[in-house]
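Just so you know, the protein sequences line up as chains A and B, in that order.
The numbers in my numbering rise by one with no breaks, and the one at position 214 of the first sequence is 214.
The numbers in my numbering rise by one with no breaks, and the one at position 54 of the second sequence is 54.
Mixed in with the good hints, there may be bad ones.
To be verified - Listed next, the in silico DSSO-like pairs over lysine-lysine satisfying Cα-Cα at most 27 Å (straight line):
{"#": "1", "chain 1": "B", "residue 1": "Lys11", "chain 2": "A", "residue 2": "Lys237"}
{"#": "2", "chain 1": "B", "residue 1": "Lys38", "chain 2": "B", "residue 2": "Lys11"}
{"#": "3", "chain 1": "B", "residue 1": "Lys357", "chain 2": "B", "residue 2": "Lys423"}
{"#": "4", "chain 1": "B", "residue 1": "Lys413", "chain 2": "B", "residue 2": "Lys357"}
{"#": "5", "chain 1": "A", "residue 1": "Lys227", "chain 2": "A", "residue 2": "Lys237"}
{"#": "6", "chain 1": "A", "residue 1": "Lys245", "chain 2": "A", "residue 2": "Lys234"}
{"#": "7", "chain 1": "A", "residue 1": "Lys82", "chain 2": "B", "residue 2": "Lys357"}
{"#": "8", "chain 1": "B", "residue 1": "Lys437", "chain 2": "B", "residue 2": "Lys423"}
{"#": "9", "chain 1": "B", "residue 1": "Lys413", "chain 2": "B", "residue 2": "Lys378"}
{"#": "10", "chain 1": "B", "residue 1": "Lys413", "chain 2": "B", "residue 2": "Lys428"}
{"#": "11", "chain 1": "A", "residue 1": "Lys82", "chain 2": "B", "residue 2": "Lys378"}
{"#": "12", "chain 1": "A", "residue 1": "Lys82", "chain 2": "A", "residue 2": "Lys149"}
{"#": "13", "chain 1": "A", "residue 1": "Lys227", "chain 2": "B", "residue 2": "Lys366"}
{"#": "14", "chain 1": "B", "residue 1": "Lys38", "chain 2": "A", "residue 2": "Lys227"}
{"#": "15", "chain 1": "B", "residue 1": "Lys366", "chain 2": "B", "residue 2": "Lys428"}
{"#": "16", "chain 1": "A", "residue 1": "Lys234", "chain 2": "B", "residue 2": "Lys11"}
{"#": "17", "chain 1": "B", "residue 1": "Lys357", "chain 2": "B", "residue 2": "Lys428"}
{"#": "18", "chain 1": "B", "residue 1": "Lys38", "chain 2": "A", "residue 2": "Lys82"}
{"#": "19", "chain 1": "B", "residue 1": "Lys437", "chain 2": "B", "residue 2": "Lys413"}
{"#": "20", "chain 1": "B", "residue 1": "Lys378", "chain 2": "B", "residue 2": "Lys423"}
{"#": "21", "chain 1": "A", "residue 1": "Lys149", "chain 2": "A", "residue 2": "Lys121"}
{"#": "22", "chain 1": "A", "residue 1": "Lys227", "chain 2": "B", "residue 2": "Lys423"}
{"#": "23", "chain 1": "B", "residue 1": "Lys437", "chain 2": "B", "residue 2": "Lys378"}
{"#": "24", "chain 1": "B", "residue 1": "Lys366", "chain 2": "B", "residue 2": "Lys378"}
{"#": "25", "chain 1": "A", "residue 1": "Lys121", "chain 2": "B", "residue 2": "Lys38"}
{"#": "26", "chain 1": "B", "residue 1": "Lys366", "chain 2": "B", "residue 2": "Lys423"}
{"#": "27", "chain 1": "A", "residue 1": "Lys245", "chain 2": "B", "residue 2": "Lys423"}
Derived by calculation from the structure, the hints in this document are not laboratory data.
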Amino acid sequence: MPVAKNTAPQGLVQELYSQSRAQEYGLSVAAFTRLLEAVTKSGSASEAVWRALKVEELALAHGCVAGNEHAWDVFLGRYREKLYDAARHITREESSARELADSLYAELFGTRTQDGHRISKLESYSGRGSLEGWLRTVLAQEWVNRFRKQRRLVSLEEREEAGAQFVANAPEEVAAMDPAVSAATDQALSELSAEDRYILAAYYLDDRTLAEVARTLGVHESTISRKVERLAHKLRKDILAQLVKGGMSRRQAEEAMEVDVRDLAVDVRKQLKKQAHGQGLPAPE
Amino acid sequence: MTDTPKSGLPKVAAARLRAGGGGSVHPDANLLAAFSEKALPESEREQVLTHLAACADCREILSLSQPPVEEMQMAVERRGWFGLRPEFMRWAIVGASATVVVAAVLLMKPEQRSNHVPLGEEFSQSVPQSAPAQAPKAQESEESKRSSAGSANALADKGTKDGPVTGYLGDQREEVAVSRLAKKNSAPAAMMAPPPPAPGVSGRAMGGVLGGVMTADRLSGNRPAATPAPMVMADAGNEHKQATGSTAASQIPSAQVAESQVEARNDKAEAAASQGFQLAQAKEKAGEKARPDNSADSSKFNVATGKSAAKDDAASLELEAAARGRAPAKATKSSEALTYRKAFLDAERTWRIANGKLQWSLDAGKTWHGIQTNGDVKFLSVDARQSSVWAGGASGVVMRSADGGATWVPVEKGWSGDVVYLKFEDAKRGVLRTSSKEEWFTEDGGATW
Numbered sequence: 001m002p003v004a005k006n007t008a009p010q011g012l013v014q015e016l017y018s019q020s021r022a023q024e025y026g027l028s029v030a031a032f033t034r035l036l037e038a039v040t041k042s043g044s045a046s047e048a049v050w051r052a053l054k055v056e057e058l059a060l061a062h063g064c065v066a067g068n069e070h071a072w073d074v075f076l077g078r079y080r081e082k083l084y085d086a087a088r089h090i091t092r093e094e095s096s097a098r099e100l101a102d103s104l105y106a107e108l109f110g111t112r113t114q115d116g117h118r119i120s121k122l123e124s125y126s127g128r129g130s131l132e133g134w135l136r137t138v139l140a141q142e143w144v145n146r147f148r149k150q151r152r153l154v155s156l157e158e159r160e161e162a163g164a165q166f167v168a169n170a171p172e173e174v175a176a177m178d179p180a181v182s183a184a185t186d187q188a189l190s191e192l193s194a195e196d197r198y199i200l201a202a203y204y205l206d207d208r209t210l211a212e213v214a215r216t217l218g219v220h221e222s223t224i225s226r227k228v229e230r231l232a233h234k235l236r237k238d239i240l241a242q243l244v245k246g247g248m249s250r251r252q253a254e255e256a257m258e259v260d261v262r263d264l265a266v267d268v269r270k271q272l273k274k275q276a277h278g279q280g281l282p283a284p285e
Numbered sequence: 001m002t003d004t005p006k007s008g009l010p011k012v013a014a015a016r017l018r019a020g021g022g023g024s025v026h027p028d029a030n031l032l033a034a035f036s037e038k039a040l041p042e043s044e045r046e047q048v049l050t051h052l053a054a055c056a057d058c059r060e061i062l063s064l065s066q067p068p069v070e071e072m073q074m075a076v077e078r079r080g081w082f083g084l085r086p087e088f089m090r091w092a093i094v095g096a097s098a099t100v101v102v103a104a105v106l107l108m109k110p111e112q113r114s115n116h117v118p119l120g121e122e123f124s125q126s127v128p129q130s131a132p133a134q135a136p137k138a139q140e141s142e143e144s145k146r147s148s149a150g151s152a153n154a155l156a157d158k159g160t161k162d163g164p165v166t167g168y169l170g171d172q173r174e175e176v177a178v179s180r181l182a183k184k185n186s187a188p189a190a191m192m193a194p195p196p197p198a199p200g201v202s203g204r205a206m207g208g209v210l211g212g213v214m215t216a217d218r219l220s221g222n223r224p225a226a227t228p229a230p231m232v233m234a235d236a237g238n239e240h241k242q243a244t245g246s247t248a249a250s251q252i253p254s255a256q257v258a259e260s261q262v263e264a265r266n267d268k269a270e271a272a273a274s275q276g277f278q279l280a281q282a283k284e285k286a287g288e289k290a291r292p293d294n295s296a297d298s299s300k301f302n303v304a305t306g307k308s309a310a311k312d313d314a315a316s317l318e319l320e321a322a323a324r325g326r327a328p329a330k331a332t333k334s335s336e337a338l339t340y341r342k343a344f345l346d347a348e349r350t351w352r353i354a355n356g357k358l359q360w361s362l363d364a365g366k367t368w369h370g371i372q373t374n375g376d377v378k379f380l381s382v383d384a385r386q387s388s389v390w391a392g393g394a395s396g397v398v399m400r401s402a403d404g405g406a407t408w409v410p411v412e413k414g415w416s417g418d419v420v421y422l423k424f425e426d427a428k429r430g431v432l433r434t435s436s437k438e439e440w441f442t443e444d445g446g447a448t449w
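Construct the entire structure; sequences and hints are all you get.
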């Protein structure tokens with residue numbers, strides 16, 4: 001039942017408060033109420049939404065934010081090893097895993113302060129998903145967005161220092177796709193659901209296994225297998241139909257569908273190499 | 001697990017998919033985590049998927065943040081098998097069950113009935129962090145192999161409020177001693193072990209321990225070699241059933257397993273077993289249920305535990321019904337008292353190392369299942385003698401299983417380097433060689449080297 005102004009009903013608050021063990025973690029009812037109302041955006045707040053929150057984990061996280069010792073004891077006891085395990089799973093390497101996990105711990109603990117208030121990353125946990133899932137996601141984000149990119153940069157810097165020269169990257173797709181083909185393809189793709197497009201992207205572009213894709217969606221692998229096959233077939237059929245309708249012969253359409261613009265770009269790079277070589281310049285990578 | 005070759009998507013489609021801009025803001029960790037756990041309302045889920053379809057980084061983050069397999073609550077497809085609505089599935093199963101009764105009866109041999117093991121504790125409603133089950137893999141009949149699709153692989157809906165139901169014994173469970181009715185009159189042991197692999201009762205109820213591991217191949221479409229289908233086995237005529245049944249009942253909180261109180265009576269047990277068998281068969285016929293998805297990249301070294309969730313859908317009802325019915329255990333050749341683990345161990349199992357991964361097969365190498373490890377243990381050598389399996393890996397890692405691979409313990413006796421060779425010439429004498437040219441011997445089965 002929608003509630004005006006994002007105000008949690010008292011009865012519900014009390015119920016969730018005792019369920020959440022917030023008192024144990026040093027949170028007053030008022031603080032807990034503010035928490036409930038803060039994590040749900042105005043307009044989307046409802047009893048169902050509040051009830052769906054992981055209130056115990058929410059209280060724990062915010063107890064930690066507030067510096068409650070017991071909350072930290074519980075948190076570390078519950079998540080310490082899981083965090084390291086998750087980091088290992090992500091980085092596939094012990095030392096990076098340690099680094100990643102330790103870095104996150106520092107952020108969770110809050111090494112920065114603002115106005116005397118320690119800034120902890122745990123403050124942003126909203127309780128919509130499990131705290132464990134949130135921690136794993138934060139770790140993965142840190143890894144993808146920060147650590148991994150730093151490694152690439154370091155690697156480049158090292159190579160530069162070693163004397164390698166770099167030419168600016170040649171444009172990836174110098175040759176634009178035939179507009180009719182791209183329009184037909186976009187049209188066919190737009191007719192798929194977001195989930196279908198995600199499945200295709202994860203499977204074909206990211207080269208994930210059926211099982212990996214299935215896992216992210218919480219479905220059976222065979223479901224993904226069937227979908228992938230069906231979707232690829234449907235796309236092919238739809239794009240073909242569109243191109244033929246636009247005037248291409250079937251054979252032309254089939255060929256056009258299989259043109260990879262990256263192949264064209266590679267040719268361009270070859271040309272650049274030839275030219276550079278002819279002029280005595282360093283060749284492009 | 002073998003994926004089909006990645007052909008089929010027109011290159012232009014791949015290009016346009018790649019080029020499609022993310023557009024929307026990257027979902028934060030709360031959204032992604034909630035998405036993973038199916039805790040988002042449909043509209044938000046759609047938004048996240050739209051972004052994911054166009055953002056490779058976020059897809060990678062989502063993939064990397066997946067929980068370890070054995071802790072994952074496997075989601076069942078809400079719509080049931082093959083997209084059929086749950087109601088249809090129920091009737092389909094009921095209808096199909098009639099056709100498998102005869103098969104079940106024919107397959108059941110008198111001595112097998114004493115192998116029925118009450119489901120017992122494995123269906124406790126454990127929290128998501130329930131310990132990885134150490135339930136052994138059970139042997140199974142041909143039917144159970146096929147029915148493993150639905151059976152033995154509890155799938156939990158992450159979002160379920162009922163929580164996951166562990167279909168397999170966790171490490172808290174006790175082994176269940178099941179005696180053959182004809183041979184022994186054993187006292188009711190703690191009948192808590194997962195029953196022998198019955199033709200998969202309710203796959204949902206059956207946490208696939210090895211469901212975790214074992215279903216890896218099943219997921220890939222390979223016929224499962226063996227699927228422990230924890231089912232409450234009605235031990236026809238066996239007194240201990242009563243004790244175990246009631247014990248089992250008390251241990252099974254979930255909606256599914258609540259019904260799984262092993263009927264202490266022989267006739268009921270048998271009927272239930274038949275029914276369960278039928279249901280299992282029906283499930284098999286109806287198609288595959290979502291099973292735990294277990295890819296190799298998971299953490300714990302124990303066999304993964306699949307978990308089932310008590311859901312309000314037909315699958316739950318099916319599970320309830322299945323839980324009531326218990327399929328007979330596969331006939332074992334041994335006439336001794338069997339534990340579920342022993343039943344598991346009796347299965348012929350071959351082992352291999354593939355790309356540093358430890359794998360086993362129950363069908364002479366047609367399908368392989370992986371052993372999940374905590375961290376990235378790279379295995380280099382394996383030796384198995386019946387139920388005793390030794391595996392050696394990089395950096396001196398040696399793991400040993402006495403129960404055919406269900407549970408493992410690390411062994412450290414002082415060697416260094418990669419364990420590149422491990423071989424036992426008999427139960428007592430073994431040799432271990434490492435990459436640092438060390439050679440170690442044991443003459444007491446590995447206790448000392």
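Review point. Honestly, which of those hints from before does the structure not fit?
Key: 2, 15, 22 and 27
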